[in-house]
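**Q** Same order as they appear, the protein sequences are chains R and Z. Each residue of the first sequence is one higher than the one before, counting from 1 in my numbering. Each residue of the second sequence is one higher than the one before, counting from 1 in my numbering.
Source of the hints: derived by calculation from the structure; they are not laboratory data. All of these numbers come straight from a predicted model, not from anything done at the bench. Treat each hint with caution, since some may be false.
Unchecked claim - Restricting the straight-line Cα-Cα distance to at most 16 Å, the calculated cross-link-like pairs of lysine to aspartate or glutamate (EDC-like) are:
1) Lys274/Z x Glu468/R
2) Lys514/Z x Asp218/R
3) Lys454/R x Glu522/Z
4) Lys454/R x Glu523/Z
5) Lys432/R x Glu400/Z
6) Lys533/Z x Glu468/R
7) Lys233/Z x Glu249/Z
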Amino acid sequence: MEEMCFQLWVFLFCLSFLFAPQALSTLDSITLMYPFFYRPMFEVIEDGWHSFLPEQEFELYSSATSEWRLSYVNTEFAVCPSYPPIVTVPKSIDDEALRKVATFRHGGRFPVLSYYHKKNGMVIMRSGQPLTGTNGRRCKEDEKLINATLRAGKRGYIIDTRSLNVAQQARAKGGGFEQEAHYPQWRRIHKSIERYHTLQESLIKLVEACNDQTHNMDRWLSKLEASNWLTHIKEILTAACLAAQCIDREGASILIHGTEGTDSTLQVTSLAQIILEPRSRTIRGFEALIEREWLQAGHPFQQRCAQSAYCNTKQKWEAPVFLLFLDCVWQILRQFPCSFEFNENFLIMLFEHAYASQFGTFLGNNESESRCKLKLQQKTMSLWSWVNQPGELSKFTNPLFEANNLVIWPSVAPQSLPLWEGIFLRWNRSSKYLDEAYEEMVNIIEYNKELQAKVNILRRQLAELETEDGMQESP
Amino acid sequence: LEHIHRVSPKKAALGTLYLTATHVIFVENSPDTRKETWILHSQISTIEKQATTATGCPLLIRCKNFQIIQLIIPQERDCHDVYISLIRLARPVKYEELYCFSFNPMLDKEEREQGWVLIDLSEEYKRMGLPNHYWQLSDVNRDYRVCDSYPTELYVPRSATAHIIVGSSKFRSRRRFPVLSYYYKDNHASICRSSQPLSGFSARCLEDEQMLQAIRKANPGSDFVYVVDTRPKLNAMANRAAGKGYENEDNYSNIKFQFIGIENIHVMRNSLQKMLEVCELKSPSMSDFLWGLENSGWLRHIKAIMDAGIFIAKAVSEEGVSVLVHCSDGWDRTAQVCSVASLLLDPHYRTLKGFMVLIEKDWISFGHKFNHRYGNLDGDPKEISPVIDQFIECVWQLMEQFPCAFEFNERFLIHIQHHIYSCQFGNFLCNSQKERRELKIQERTYSLWAHLWKNRADYLNPLFRADHSQTQGTLHLPTAPCNFMYKFWSGMYNRFEKGMQPRQSVTDYLMAVKEETQQLEEELEALEERLEKIQKVQLNCTKVKSKQSEPSKHSGFSTSDNSIANTPQDYSGNMKSFPSRSPSQGDEDSALILTQDNLKSSDPDLSANSDQESGVEDLSCRSPSGGEHAPSEDSGKDRDSDEAVFLTA
């Protein structure tokens with residue numbers, strides 16, 4: 001029943017685009033969307049809207065360090081409209097300073113904590129670009145804030161997700177990058193990751209290539225190449241590996257930003273955590289990561305994930321940023337098939353819901369929209385409420401999972417990064433035989449567990465009987 | 001022996017080089033590992049002396065199993081000596097110089113002989129249901145009288161008399177007349193193979209026409225035969241000028257003629273060469289790689305071979321029509337296509353033993369020129385071509401699409417490829433059965449099949465189940481365009497770049513689980529037996545006692561759930577193979593497989609390398625492994641100058 005509703009809705013959803021492509025992208029019309037009318041057919045055991053609160057996440061760090069604090073400076077979304085009300089910042093920086101820093105960063109996105117590496121206390125921070133402009137404006141509080149994250153004598157890296165050229169050009173529009181003279185303890189690295197329409201075009205070309213009906217092998221490969229999709233995957237993964245390497249191998253903290261700090265920045269911070277942090281490879285940890293690094297961090301899902309590959313008009317804000325992230329996660333999962341608690345279906349499910357969903361989780365562009373204007377928490381259901389039911393979870397659980405506490409370093413060689421067929425060739429090829437193989441794999445492991453349980457029971461029974469025997473015989 | 005550096009893309013090591021009669025051995029100086037790299041001379045494909053640098057004289061050795069080793073030898077003169085010796089050693093001129101004649105796995109004569117009879121082709125024809133009403137064993141090629149590149153044991157239609165056969169053989173290149181390759185029991189259709197007819201522009205041969213007629217008659221269910229010429233039409237037409245060519249539909253009654261354009265051995269050799277150049281690129285961009293892959297045309301060729309195989313399998317299984325396949329000489333493309341088609345048709349060939357049989361039948365016995373194609377002896381470089389490599393890749397491509405259909409795993413294919421070049425076993429020596437008999441290969445060397453069979457546990461696909469639907473009948477590939485189904489096989493062509501392969505092997509994991517499952521099954525049985533015994537004893541003791549024991553037993557059951565939850569898999573205890581296997585065998589360039597010591601165990605080169613910590617990837621993508629190396633060392637390559645300066649500073 002639920003399935004049917006969903007399909008019907010998808011149908012209506014598509015229709016609405018045919019007739020009024022612009023209408024649905026405005027905020028008002030969002031409230032007319034399916035999630036506002038969807039009534040769950042299941043009992044909510046755990047309300048997903050409260051599953052990943054910033055306070056809880058902070059507690060995970062606070063046991064290891066006292067250098068950070070929660071700041072409520074953005075409670076009314078006054079300092080930064082795209083940040084959540086609660087953010088983690090260095091303890092030594094007060095809210096007044098944060099307000100000043102916010103005026104110096106794009107979109108008010110002052111540097112906040114993204115990840116704390118317990119192993120060596122190094123951190124990943126993220127922000128918007130500094131508004132240095134052409135005359136090299138600086139901000140003492142900004143410098144102080146960033147330096148406050150460094151331990152004595154330590155250096156850090158600033159990873160700018162734009163090329164040096166692009167970053168320099170940004171100065172003309174009031175943006176810019178950190179001058180080394182003003183941030184002497186920091187070294188800047190430019191790791192270019194593409195944005196917006198470049199990514200969108202890439203996706204459109206890729207989907208077109210996958211649907212190409214010719215029998216020509218060479219055309220398939222050139223089309224795949226020309227789409228540049230895998231080039232983007234390689235770029236993003238490389239940047240994430242570099243970030244992780246700085247943290248884990250060089251023992252250096254990093255600050256990551258591009259222009260707004262809502263797209264490529266989040267790809268890098270979240271993938272670095274997948275590499276570094278075993279918890280983010282579990283189902284719950286990954287959900288928390290998406291909640292923290294994408295939803296709360298203000299990735300504009302509403303703008304980016306409106307129409308996917310088949311948009312007829314060039315949507316200015318449309319870009320498969322989140323899909324690229326999921327693809328990168330799949331690439332790491334493919335290379336470390338036993339280190340993730342979730343499977344490929346979990347990633348595909350997230351992709352689907354990011355673009356079209358009966359749940360409110362991916363609606364709106366940031367917390368201020370979703371929480372204040374749309375009141376999603378009151379009016380819609382959270383995706384996590386549905387996903388985290390045991391019955392659903394079992395579909396997304398990787399049977400091969402063995403907790404792996406190590407840092408996992410993926411290969412970024414082109415030979416190691418194939419096309420994600422599960423997404424892109426999903427409708428072009430039958431997955432029957434692959435599904436059967438998956439089923440077989442589950443059976444092998446389930447049978448093993450079953451036997452293990454039986455053996456344990458018998459061992460226990462036997463032990464009891466034998467001690468009983470002993471007792472009976474002894475008197 | 002001398003002190004030299006060995007440089008791999010990832011790291012350099014100082015060590016000593018030994019040249020023996022059979023191997024190049026490089027032993028690292030580092031005292032705790034003293035890691036050894038063994039390379040068989042027969043594996044060496046090319047040796048390149050590069051321009052001398054400040055550190056010494058670099059020597060680049062490329063192997064036929066896609067391993068690449070760079071040595072830097074301090075003294076130019078030494079380097080030259082090594083170069084000259086290796087060139088000589090890598091190109092033996094006599095069969096007796098090959099490794100298989102000195103290789104001794106410590107087996108006695110009887111074991112060796114048993115090894116050679118493991119794969120028995122007469123058994124195989126029997127399995128197909130032959131001889132029968134339509135097909136008979138012919139002794140026409142006794143003592144290789146008719147065709148010296150064919151085996152002596154051949155199946156031909158009953159209606160084909162010796163006169164017809166001999167007549168037909170005179171009208172075929174190298175006298176390779178049409179014979180049976182595979183017989184499809186279910187509907188009497190068959191796959192036959194031959195070489196091209198010597199038709200020129202107008203020549204005909206009555207006996208050859210009768211031969212094809214006989215093949216058609218041997219399949220009562222169909223009134224025509226497909227004749228599949230696996231060459232591009234242009235090539236076949238060019239052959240007519242040389243008095244060869246293809247069948248004229250007008251001359252042969254009831255045939256349907258079909259070209260399937262698979263390119264010749266020279267095109268394939270160049271294609272592989274181009275693809276390997278791409279694999280060798282240092283930190284290629286995604287575009288470099290995909291462009292290079294496309295330009296090599298390799299996957300296009302793989303697809304062409306698969307398409308031919310699919311066409312034939314369909315003709316046989318769905319249309320019930322017999323097929324005669326040929327190319328020019330009928331020992332390269334014909335072998336590829338017949339074996340792919342048989343593999344698609346018959347689940348037996350998808351088992352370990354069946355696959356050995358298939359190679360034995362379609363390749364070894366029908367005179368695929370192993371010596372020439374794989375350059376075992378020094379010969380014409382233009383004869384070398386990766387013909388069987390392509391077949392092996394086709395199998396891998398199928399395995400990717402039908403993960404449960406094959407009893408063997410990727411490692412099995414890789415090791416067969418390795419040994420086709422290694423000359424460690426006698427199976428693939430020479431160009432024909434006749435030559436092998438003359439050399440008395442079976443008395444003087446060992447069989448690879450026995451070796452693989454002995455270690456079969458390493459080659460099993462855990463997902464294979466004999467009663468699984470994928471293992472039944474014909475494999476049906478989609479007819480829709482499916483270019484994207486053919487993928488680059490990094491497990492083969494970058495197999496020595498361990499960092500590029502998935503770091504955890506699902507196959508190995510599942511095999512370990514299955515092994516544990518088996519142990520558990522045994523334990524369960526033992527426990528049940530013991531329990532039963534004790535319970536019997538107790539019952540016999542007193543009824544009162546047994547009554548007393550009841551409640552406690554019950555409580556044992558009810559808590560059992562908890563007890564399971566509390567013991568989350570003591571894999572480390574029970575599963576010896578999984579956790580212990582990975583780190584110890586994860587050494588990155590443990591190059592040479594199959595030295596005598598590790599013959600007993602299986603070859604380590606494919607095992608899971610799940611020591612992630614040490615598998616740190618260099619971001620410049622030719623992944624340094626080894627956590628010992630700080631990222632600042634050489635990771636600057638790939639980045640903007642801005643940062644590189646800092647990282648090395």
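**Q** Please go over all the hints and tell whether each is borne out by the structure.
**A** Each hint, compared with the structure:
1. With a CA separation close to 74 Å, the supplied pair Lys274/Z and Glu468/R exceeds the 16 Å bound.
2. For a cut-off of 16 Å, the pair hint linking Lys514/Z to Asp218/R is broken: about 41 Å separates their Cα positions.
3. Between Lys454/R and Glu522/Z the CA atoms are separated by roughly 12 Å; this keeps the pair inside 16 Å, and the hint holds.
4. Proposed proximity of Lys454/R and Glu523/Z is supported: the alpha carbons are some 10 Å apart, at most 16 Å.
5. Pair hint Lys432/R plus Glu400/Z holds up; C-alpha atoms about 13 Å apart against a cutoff of 16 Å.
6. With a C-alpha separation of about 15 Å, the suggested pairing of Lys533/Z with Glu468/R holds against the 16 Å cut-off.
7. The straight-line distance between the Cα atoms of Lys233/Z and Glu249/Z is roughly 15 Å, inside the 16 Å bound, and the hint therefore holds.
Hint violations for this structure: numbers 1 and 2, all remaining hints satisfied.
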